[in-house]
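S.K.: What follows is each chain in one-letter form.
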Amino acid sequence: MIETFGLTKRYGPVLALDHLSMQVHPGEVTGFLGPNGAGKSTTMRLICGLDHPTEGTALVNGKPYAAHRDPLHQVGALLDAKAMHPGRTARAELMAIAQTQGLGAKRVDEVLEYTGLASVAKRRLGTFSLGMGQRLGIAAALLCDPLTLILDEPINGLDPEGVIWVRDLVKYEASQGKTVFLSSHLMSEMALVADRLVILGRGKLVAEKTMKELIADASDIATRVRCAQATELTAELAGPGVRIDSLAPGLFEVHGRSAEQVATIALDHRWLVTELTPMQVSLEDAYMKLTQSQAQYTGTAVPTPGAQR
Amino acid sequence: MSQEPRLTFGRTLGIGMALAAGTKPTPPVPTYATDVDQPGMLLGQVVIAILAVLMVTGEYTSGEIRTSLLAVPPRWPVAAAKTAIAVATAFVVTVVPGYVVTLCGWPLQRKFAVDDRFTGTGVRVIAGAGLAVALVACMAIGIGMLVRSGAASIAVIVLVTIVVPNILTSVPVHWLDTVGGYLIGNSIQGLMAVPAQIDPTQGVFTFGKALWISALWAVVPLAAGLAVLRRRDA
Numbered sequence: 001m002i003e004t005f006g007l008t009k010r011y012g013p014v015l016a017l018d019h020l021s022m023q024v025h026p027g028e029v030t031g032f033l034g035p036n037g038a039g040k041s042t043t044m045r046l047i048c049g050l051d052h053p054t055e056g057t058a059l060v061n062g063k064p065y066a067a068h069r070d071p072l073h074q075v076g077a078l079l080d081a082k083a084m085h086p087g088r089t090a091r092a093e094l095m096a097i098a099q100t101q102g103l104g105a106k107r108v109d110e111v112l113e114y115t116g117l118a119s120v121a122k123r124r125l126g127t128f129s130l131g132m133g134q135r136l137g138i139a140a141a142l143l144c145d146p147l148t149l150i151l152d153e154p155i156n157g158l159d160p161e162g163v164i165w166v167r168d169l170v171k172y173e174a175s176q177g178k179t180v181f182l183s184s185h186l187m188s189e190m191a192l193v194a195d196r197l198v199i200l201g202r203g204k205l206v207a208e209k210t211m212k213e214l215i216a217d218a219s220d221i222a223t224r225v226r227c228a229q230a231t232e233l234t235a236e237l238a239g240p241g242v243r244i245d246s247l248a249p250g251l252f253e254v255h256g257r258s259a260e261q262v263a264t265i266a267l268d269h270r271w272l273v274t275e276l277t278p279m280q281v282s283l284e285d286a287y288m289k290l291t292q293s294q295a296q297y298t299g300t301a302v303p304t305p306g307a308q309r
Numbered sequence: 310m311s312q313e314p315r316l317t318f319g320r321t322l323g324i325g326m327a328l329a330a331g332t333k334p335t336p337p338v339p340t341y342a343t344d345v346d347q348p349g350m351l352l353g354q355v356v357i358a359i360l361a362v363l364m365v366t367g368e369y370t371s372g373e374i375r376t377s378l379l380a381v382p383p384r385w386p387v388a389a390a391k392t393a394i395a396v397a398t399a400f401v402v403t404v405v406p407g408y409v410v411t412l413c414g415w416p417l418q419r420k421f422a423v424d425d426r427f428t429g430t431g432v433r434v435i436a437g438a439g440l441a442v443a444l445v446a447c448m449a450i451g452i453g454m455l456v457r458s459g460a461a462s463i464a465v466i467v468l469v470t471i472v473v474p475n476i477l478t479s480v481p482v483h484w485l486d487t488v489g490g491y492l493i494g495n496s497i498q499g500l501m502a503v504p505a506q507i508d509p510t511q512g513v514f515t516f517g518k519a520l521w522i523s524a525l526w527a528v529v530p531l532a533a534g535l536a537v538l539r540r541r542d543a
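Residue numbers (my numbering), protein chains in the order written: chain A, 1 to 309; chain B, 310 to 543.
Keep in mind that the hints were calculated from the coordinates and are not lab data. Keep in mind that the hints are not guaranteed to be accurate.
What the hints assert, rightly or not - The calculated SDA-like cross-link candidates involving lysine to any residue, where the alpha carbons are at most 20 Å apart (straight line), are:
1) LYS289(A) / VAL206(A)
2) LYS63(A) / GLU373(B)
3) LYS82(A) / GLY372(B)
4) LYS82(A) / GLY367(B)
5) LYS209(A) / GLY459(B)
6) LYS518(B) / ASP542(B)
7) LYS63(A) / LEU378(B)
8) LYS82(A) / LYS518(B)
9) LYS82(A) / SER371(B)
10) LYS82(A) / VAL488(B)
11) LYS391(B) / VAL206(A)
12) LYS63(A) / ALA380(B)
13) LYS122(A) / ARG384(B)
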């Protein structure tokens, strides 16, 4: 169980996190989504007591992280897989962590085996690839069999086998009653594992929804209409539960009216409709729509392949 | 830090022996390991200070500090453990070779020797040297926690222990000289001096005064470093 209450973090003039209040429940996988720089990692660092909040509090399993006497049994966190001593071997690194929590070599070997690192246990971490480092970070997080798992971009750099393994792992841990909180900026990845979603944009909570709710939102079908008399037509279409997004002069999208209804109204008024397209919204679109206005770092649109610049 | 204590140990032994062989003090003034091995002591302090600094800053360089603080969120035990190891190591690698040098140097200097170098004053002088280097290590840990960058911390230490004292003594202003005496480089001289030979006109403090001034040099940076470690984002 993770709870935050008005969690705020300011780095100099930058407001990285703005009064975030949310809950992450045990027994399910909660996905933490948001564009780059939205404040996902900051939130996780605040939850784990590495950074101190400017305002607000974060509780893990009912207490602030630092108040736990057995922190790694409470929370296993993968925050930065590179935060390891390059001169130590994988086994030595895990042993060092295990010893601070009163665990022995047996558990270290178990975790190395479980994460597929047994064969490289004696190699120095400086020689590890991104994916191997990531596996070791996951091993460190799982070491004390914690009640809550916090994983920041766990699939970064993993091979396909590793990606599938992480998916199975988080689902399994949640099924065991653990709290699993995992961040990503990839909706497609979350769609496969998450039961609930917390979506962040520019340090603010954008949405806190179950996957079911998001899918329901996504299955909302819009109809794209092109018509010279768009203004008159939209006035006729308006009504309770109807939303109209104007895209360009003479072009709009209508929610809450079917293509057939639009066509009937247009026919009644003898307005020529030149385009009438039902638009299925994908999960990816639903997420993009939620966070679009929140993205801080956006590239310029790339021309379609083959187009002249 | 696995290679370095041995290195320090060997260095103390080597330089100590060489100096013991070459020194011809006028009898009946007895000489002691730390007395003879002044350049060695300075080298030893700097080496120990650098290693102590790296014990702290190395973790910041690799990012390992986050792993450590996740495992030990109250944070102060991390600092306490590092300080304990640095202080104990510094003491042992100073005292053990110091005593061995005394032992080995004795036959070379037999005609000047007095028997009490293996007991009483001799032991006290060597233990004092160990204490001095331990306090330097303690200061270095504090500076490392304050500054977090290895290069910058070492620069601060070199500045405080070598550069500033040299500047102060080279300026012909009396009170600057007095100020220089209170820097750690000088204050620890009083810890490893032979009490009977302390010459206050040379700016060497008595053991008691040397102890509290040197202790301040060790404790103040350590306390500041600890306060900052607990408050700062990792």
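S.K.: Hints first: check each against the structure and report whether it holds.
M.R.: Outcome of the hint check:
Our distance criterion of 20 Å between C-alpha atoms is met by LYS289(A) and VAL206(A), whose separation comes to about 11 Å. Between LYS63(A) and GLU373(B), the direct Cα distance comes to roughly 25 Å. Violation of the 20 Å bound is thereby established for this hinted pair. Distance hint between LYS82(A) and GLY372(B) is fulfilled; the C-alpha atoms sit about 7 Å from each other, no more than 20 Å. For the hint pairing LYS82(A) with GLY367(B), the CA-to-CA distance comes to about 14 Å; that is within 20 Å, so the pair holds.
Proposed proximity of LYS209(A) and GLY459(B) is contradicted: the alpha carbons are some 46 Å apart, above 20 Å. Pair hint LYS518(B) plus ASP542(B) does not hold up; C-alpha atoms about 38 Å apart against a cutoff of 20 Å. Taking the CA atoms of LYS63(A) and LEU378(B), the gap is about 17 Å. The hint holds against a cut of 20 Å. At most 20 Å may separate the alpha-carbon atoms for a hinted pair to count; LYS82(A) and LYS518(B) exceed this at roughly 47 Å.
Between the alpha carbons of LYS82(A) and SER371(B) the distance comes to roughly 8 Å, so the proposed pair stays at or under 20 Å and holds. Restraint check for LYS82(A) and VAL488(B): not satisfied, since their Cα atoms lie roughly 46 Å apart, outside the 20 Å limit. Distance check on the hinted pair: LYS391(B) and VAL206(A) sit about 44 Å apart at the alpha-carbon level, beyond 20 Å; violated. A distance of roughly 16 Å separates the Cα atoms of LYS63(A) and ALA380(B); the hinted pair therefore holds under the 20 Å criterion.
In summary, the hint linking LYS122(A) to ARG384(B) is not supported, as the alpha carbons are separated by about 29 Å, beyond the 20 Å threshold.
Checked against the numbered hints above, the structure violates hints 2, 5, 6, 8, 10, 11, 13; every other hint is satisfied.
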